[in-house]
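A.B. asks: Each chain is listed here by its residues.
There are 2 protein chains.
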Amino acid sequence: MTDAAQPEALVSAADGGDPRALARLISLVENGSPQLRSVMKLIAPRTGQARVIGLTGAPGVGKSTVTGAVVRAYRNRGLRVGVLAVDPTSPFTGGALLGDRVRMQDHATDSGVFIRSMASRGHLGGLSWAAPQALRILDAAGFQVVLIETVGVGQAEVEIASLADTTMVIVAPGMGDSVQAAKAGILEIADIFVVNKNDRPSAQEAIRDLRAMLAMARYSDGAWKPPIVPVSAMRGDGIDDLVARLDAHGEWLNASGERDRKRLARARDEISAMAVATLRERIGALPGEARLEELAAQVASGKLDPYSAADELIG
Amino acid sequence: MTDAAQPEALVSAADGGDPRALARLISLVENGSPQLRSVMKLIAPRTGQARVIGLTGAPGVGKSTVTGAVVRAYRNRGLRVGVLAVDPTSPFTGGALLGDRVRMQDHATDSGVFIRSMASRGHLGGLSWAAPQALRILDAAGFQVVLIETVGVGQAEVEIASLADTTMVIVAPGMGDSVQAAKAGILEIADIFVVNKNDRPSAQEAIRDLRAMLAMARYSDGAWKPPIVPVSAMRGDGIDDLVARLDAHGEWLNASGERDRKRLARARDEISAMAVATLRERIGALPGEARLEELAAQVASGKLDPYSAADELIG
Numbered sequence: 460m461t462d463a464a465q466p467e468a469l470v471s472a473a474d475g476g477d478p479r480a481l482a483r484l485i486s487l488v489e490n491g492s493p494q495l496r497s498v499m500k501l502i503a504p505r506t507g508q509a510r511v512i513g514l515t516g517a518p519g520v521g522k523s524t525v526t527g528a529v530v531r532a533y534r535n536r537g538l539r540v541g542v543l544a545v546d547p548t549s550p551f552t553g554g555a556l557l558g559d560r561v562r563m564q565d566h567a568t569d570s571g572v573f574i575r576s577m578a579s580r581g582h583l584g585g586l587s588w589a590a591p592q593a594l595r596i597l598d599a600a601g602f603q604v605v606l607i608e609t610v611g612v613g614q615a616e617v618e619i620a621s622l623a624d625t626t627m628v629i630v631a632p633g634m635g636d637s638v639q640a641a642k643a644g645i646l647e648i649a650d651i652f653v654v655n656k657n658d659r660p661s662a663q664e665a666i667r668d669l670r671a672m673l674a675m676a677r678y679s680d681g682a683w684k685p686p687i688v689p690v691s692a693m694r695g696d697g698i699d700d701l702v703a704r705l706d707a708h709g710e711w712l713n714a715s716g717e718r719d720r721k722r723l724a725r726a727r728d729e730i731s732a733m734a735v736a737t738l739r740e741r742i743g744a745l746p747g748e749a750r751l752e753e754l755a756a757q758v759a760s761g762k763l764d765p766y767s768a769a770d771e772l773i774g
Numbered sequence: 460m461t462d463a464a465q466p467e468a469l470v471s472a473a474d475g476g477d478p479r480a481l482a483r484l485i486s487l488v489e490n491g492s493p494q495l496r497s498v499m500k501l502i503a504p505r506t507g508q509a510r511v512i513g514l515t516g517a518p519g520v521g522k523s524t525v526t527g528a529v530v531r532a533y534r535n536r537g538l539r540v541g542v543l544a545v546d547p548t549s550p551f552t553g554g555a556l557l558g559d560r561v562r563m564q565d566h567a568t569d570s571g572v573f574i575r576s577m578a579s580r581g582h583l584g585g586l587s588w589a590a591p592q593a594l595r596i597l598d599a600a601g602f603q604v605v606l607i608e609t610v611g612v613g614q615a616e617v618e619i620a621s622l623a624d625t626t627m628v629i630v631a632p633g634m635g636d637s638v639q640a641a642k643a644g645i646l647e648i649a650d651i652f653v654v655n656k657n658d659r660p661s662a663q664e665a666i667r668d669l670r671a672m673l674a675m676a677r678y679s680d681g682a683w684k685p686p687i688v689p690v691s692a693m694r695g696d697g698i699d700d701l702v703a704r705l706d707a708h709g710e711w712l713n714a715s716g717e718r719d720r721k722r723l724a725r726a727r728d729e730i731s732a733m734a735v736a737t738l739r740e741r742i743g744a745l746p747g748e749a750r751l752e753e754l755a756a757q758v759a760s761g762k763l764d765p766y767s768a769a770d771e772l773i774g
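For the protein sequence lines, the chains are A and B, in the order given.
If you count the first sequence from 1, you need to add 459 to reach the working numbering.
If you count the second sequence from 1, you need to add 459 to reach the working numbering.
I should point out that these hints are in silico values taken from the structure, not numbers from a laboratory.
No experiment lies behind these values; they were computed from the predicted model shown.
It is possible that part of the hints are untrue.
Identical copies carry no separate label here, and so any pair may be met within one copy or between two of them.
Simulated pairs of lysine to any residue, SDA-like, Cα-Cα distance not exceeding 20 Å [to be verified]:
hint, residue 1, residue 2
1, K500, A480
2, K500, Q757
3, K500, I773
4, K500, A756
5, K721, S497
6, K721, R539
7, K721, D699
8, K762, D728
9, K762, Q663
10, K500, S471
11, K762, G601
12, K684, S621
13, K762, R718
14, K721, W588
15, K684, D569
16, K500, I666
17, K762, P466
If we strip away everything but chain A, and leave its shape as in the complex, we get (with noise of 0.2 Å):
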């Protein structure tokens, strides 16, 4: 009867750090399970503490050996840190994203570390309502900095940027030039730019680029403008000089009255999020897949339109 461990009993030893315990509670969340009602109940006020970084660019960045430097460097100063790696993608790819990780493995013995794979299974809206509970129960945890990475460049990435307190939008020389990213909408989200692989002799026109790009965002009086950061996560070069903008933002944030301005609009999200998700349950209750797959055949031959076929559905 593994499943039908107590909450309170997970909460507890999560709380103290076990990560098997850690681990089911995460689960619970990816796969929606209905005692997480109780769980949400039983962290609500140990939440809110942890600082949330985001970290995002096009596949082959180098996203997980930033993530790597980066956990190392909090470590160094004898923080706890979470990592999330979110996968918005299809739910077939679980495993090739879990494959990165391995490059995470030296930090695979060390109990101030948990790092998790999640998958949004495919379902849109599954990453807006998921993520957000992962990172409650590592907060809750007494993670003191929770990392989110992401695959890919898109809406997923918007999401996760509003999540995030601090979002790094990681570059690589060569993997298309900056204008692409820029169209990407991945420039409006980033607090900091990342350019990883500097040794690589293009990485110069990729800063270059960025820096012109930037010249022509305006900003207003006291806004935050986005640094860039070359590095080499590989070979652990510039890390200390990114941990230091990520610190100067933390402090902008709290000084602008930022941070609470967003974590406000992140809860304003993640109710919202809760209550079409739920609303969404009760669809899928109300009237049985059966009247779903009649109304599909007369949209599908023209009979009726997909406004009337909802209406009849929700009633």
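Take the given structure of chain A and dock chain B to it, following the hints.
C.D. replies: Chain B only, in chain A's frame:
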């Protein structure tokens, strides 16, 4: 009173191929107009005819150039072609994506081609709600082929694939290796792999990598095995072969019964997305923004968990 045009008049003008009427109808979708309801009722009987082809791939692989070449090939057959360029990222990037459309200017004066960019307005669910409706409009207006092009890799691509009868995944040499592409979850959605820029020296390497990866996949009897088609869309090389592969996939869809299955699944997704959007609207309308603000403050301070807050919000 340009906004007060009767849905009937717009639909009948769009059916005659009037690009301004089409643009107006798609703007109704982008703006979530209440008039859409009558539009969708009017056009339902005329839908289900268009062949829907999805194009996706990382930024910089040349999606727009491939789209342009495929449009030209179908135009040469005398077919009317609609293009929806969907940007799943933040609303800020609309302009950047539109810049790309410049490459398709050679179709600008051809009344048998209609090209439209759509942003998803940053709402989660925006794309899954809006793209199928825009597709319905083009379908009902008599475009025999509709190409849906989307930027980036991630969840949005999986959704586009669920909209399309046939999905092409475009890769290009030197844009990160194909194993990285696999990681991004696009392998599973590809019916056809297009290796663009085949005149580059590293194209053979990209083809070899893709081939090796496909060799590891298992296919059941009668399943479609995605071909790898090298092209140079800029020079027009390989486009005839690509269109022949598109035709072959179309025939397979018919023979296998897969087309009907896909269309039924699409209708199901559409109805569900519409039902969720309707319920989401009701949330917005129900307890007012002020109540959500209060609840968010309680969640942010740890006084309340998001489940209980969502319950209070929807009652």
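A.B. asks: If a hint holds in the structure, say so; if it doesn't, say that too.
C.D. replies: Do the hints match the structure? See the list:
1. K500 x A480: So K500 and A480 pass the 20 Å test inside one copy only (17 Å; across, 52 Å).
2. K500 x Q757: Classified as between: cross-chain Cα gap 13 Å, same-chain 43 Å, threshold 20 Å.
3. K500 x I773: The answer is between: 18 Å across copies meets 20 Å, while 29 Å in one copy does not.
4. K500 x A756: between (42 Å within a copy, 16 Å between copies)
5. K721 x S497: Answer is neither: 26 Å inside a copy and 39 Å across each miss the 20 Å cutoff.
6. K721 x R539: neither (23 Å within a copy, 47 Å between copies)
7. K721 x D699: Neither, since 26 Å and 52 Å both go past 20 Å.
8. K762 x D728: between (37 Å within a copy, 17 Å between copies)
9. K762 x Q663: neither (59 Å within a copy, 49 Å between copies)
10. K500 x S471: within (13 Å within a copy, 55 Å between copies)
11. K762 x G601: Between copies only: 18 Å across, 56 Å inside.
12. K684 x S621: within (18 Å within a copy, 39 Å between copies)
13. K762 x R718: between (51 Å within a copy, 18 Å between copies)
14. K721 x W588: Classified as within; 17 Å inside a copy, 27 Å across copies.
15. K684 x D569: Classified as neither: same-chain Cα gap 35 Å, cross-chain 45 Å, threshold 20 Å.
16. K500 x I666: neither (46 Å within a copy, 52 Å between copies)
17. K762 x P466: Classified as between: cross-chain Cα gap 19 Å, same-chain 49 Å, threshold 20 Å.
Violation of the numbered hints given earlier is confined to hints 5, 6, 7, 9, 15 and 16; the remaining hints are satisfied by the structure.
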